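Number of protein chains: 2
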Amino acid sequence: MKPGLSINLATIRQQCTLPRAIEVCLRHEVGGVAPWRDQVHAVGLKEAARLVRASGLKVTGLCRGGMFPGATPEKRREKIDDNIRAIEEAAAINADCLVLVVGGLPENSRDIKGAREMVAEGLAAILPEARAARVALAIEPLHPMYAADRACVNTLRQALDLCDTLGEGIGVAVDVYHVWWDPELAEQIARAGSRLLAHHICDWLVPTRDLLLDRGMMGDGVIDLKGIRRMIEGAGFRGSQEVEIFSAENWWKRDPDDVIRTCIERYNTVCCA
Amino acid sequence: MKPGLSINLATIRQQCTLPRAIEVCLRHEVGGVAPWRDQVHAVGLKEAARLVRASGLKVTGLCRGGMFPGATPEKRREKIDDNIRAIEEAAAINADCLVLVVGGLPENSRDIKGAREMVAEGLAAILPEARAARVALAIEPLHPMYAADRACVNTLRQALDLCDTLGEGIGVAVDVYHVWWDPELAEQIARAGSRLLAHHICDWLVPTRDLLLDRGMMGDGVIDLKGIRRMIEGAGFRGSQEVEIFSAENWWKRDPDDVIRTCIERYNTVCCA
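Protein chains in written order, with our numbering: chain A, 4 to 276; chain B, 4 to 276.
Hint data in this document are derived by calculation from the structure and do not stem from the laboratory.
A quick note: this is a predicted structure, and the numbers were derived from the prediction, not measured.
There are no misleading hints in this set.
In this list, chains with the same sequence are indistinguishable; a pair is considered to hold if it fits within one copy or across any two.
Below, computed lysine to any residue pairings styled on SDA-like, alpha-carbon distance capped at 20 Å:
1) Lys-116 / Ala-276
2) Lys-116 / Arg-160
3) Lys-229 / Gly-117
4) Lys-116 / Val-273
5) Lys-49 / Leu-60
Throw the hints in and build the complete structure from the sequences for me.
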């Protein structure tokens with residue numbers, strides 16, 4: 004068993020339903036999984052909860068809540084309601100955290116400052132529900148290339164400033180893909196401390212052929228994975244490293260057993276500090 | 004004449020040599036141009052200098068120096084020598100500044116901190132030459148999606164920290180494409196003050212289909228161009244807005260007169276604060 008390795012199930016999403024993904028992960032003795040909500044919905048929440056409980060796998064996160072900005076108060080309210088459902092789902096499957104991709108600009112807007120205010124309001128609205136359900140919220144700062152359409156929180160500093168304002172019950176998910184370039188990475192990881200809730204891994208390919216779906220397997224790109232892991236452990240995080248790879252033209256086309264086998268091999272050789 | 008508008012000649016690089024590009028810009032009465040070194044080399048430095056002088060156009064910058072990191076001291080020395088030639092060229096064509104794209108990781112390296120140190124060393128090595136030639140150096144922070152292969156200086160804060168260390172004769176080029184997402188944009192532009200040497204414009208398209216060659220025409224994307232111009236003017240910059248669009252599938256395929264006509268129209272409607 005690899006207790007320090009978790010598989011985010013986006014990594015084999017084209018090949019596997021939730022039951023099949025769990026089966027593959029168990030066969031290769033990884034320690035945890037992180038499902039996506041659509042994968043949970045496809046089998047139903049109750050059955051998903053039963054499956055992960057029966058598997059004995061750690062659930063290192065549920066992906067994902069967030070997407071707070073909206074052009075009207077009604078749209079923003081709908082998003083808050085959806086996040087509250089996501090919190091219930093995260094509680095039901097006993098996830099370590101609910102990962103939040105906060106959302107980008109509302110339709111036809113160029114006001115990124117306004118979008119960021121909507122994010123702060125959305126987070127404040129759902130945090131009491133998360134606390135009551137004992138679900139930790141993990142803001143995932145996304146790479147600046149997603150600022151317009153996926154997340155207007157783009158640095159760890161920015162995410163931690165939000166956490167400072169919001170108080171208990173909220174922290175960050177550090178995905179190396181989004182933050183590896185940040186000149187302030189070391190200092191902001193140290194600042195995060197006990198608010199580090201998840202550590203996602205993959206690699207940045209050179210060249211990168213698609214903004215969303217061309218992430219690399221660990222070791223195939225330029226990210227100093229051991230170096231970042233050292234920073235994260237230095238800040239006190241003892242959780243798993245969770246492999247999350249969106250790869251339309253490569254890993255999503257391969258046999259899922261091969262994918263997980265490669266994840267384990269690379270985890271052992273290039274990820275552990 | 005549009006004295007506040009300059010055309011970076013990358014915008015029509017597929018269609019025009021330097022003489023033809025200058026001719027098109029003069030026909031549409033734009034106020035300035037910014038050529039690339041390969042465009043200058045193609046006609047020869049002397050002829051390029053004669054052409055721009057005869058045109059009466061302002062030269063808002065020469066693109067580009069930089070690319071400092073290298074795997075060996077010899078490679079880094081070659082790059083410094085090339086930058087010194089670039090300084091001479093900028094002086095010869097009377098450019099307002101030499102734009103520096105500082106370079107990414109050296110071959111086979113994952114050490115971005117090391118690359119950043121090589122950049123600082125390279126800048127320190129060429130700055131005396133630039134001062135002697137009275138050529139202002141403009142560090143252009145590039146979008147974090149280029150951190151690996153084009154520039155490991157990725158925020159204005161980082162560029163200005165370098166300027167603070169280096170002293171007189173060096174400032175920044177602010178290209179909206181690279182910095183629009185930055186949560187610290189307003190404060191760092193204010194901090195830059197008289198070190199603002201160039202203001203490049205274009206737009207961020209949603210979706211963006213290519214990391215390098217899918218920039219949008221002003222108004223076609225999500226960047227708040229007037230808002231950023233207000234910040235830049237607020238910091239005291241009175242120079243031109245320089246249109247720089249890399250667009251393999253759209254603007255590079257169009258008639259250059261149409262391109263420049265559109266630049267002018269958009270400059271008038273969406274860029275001026």
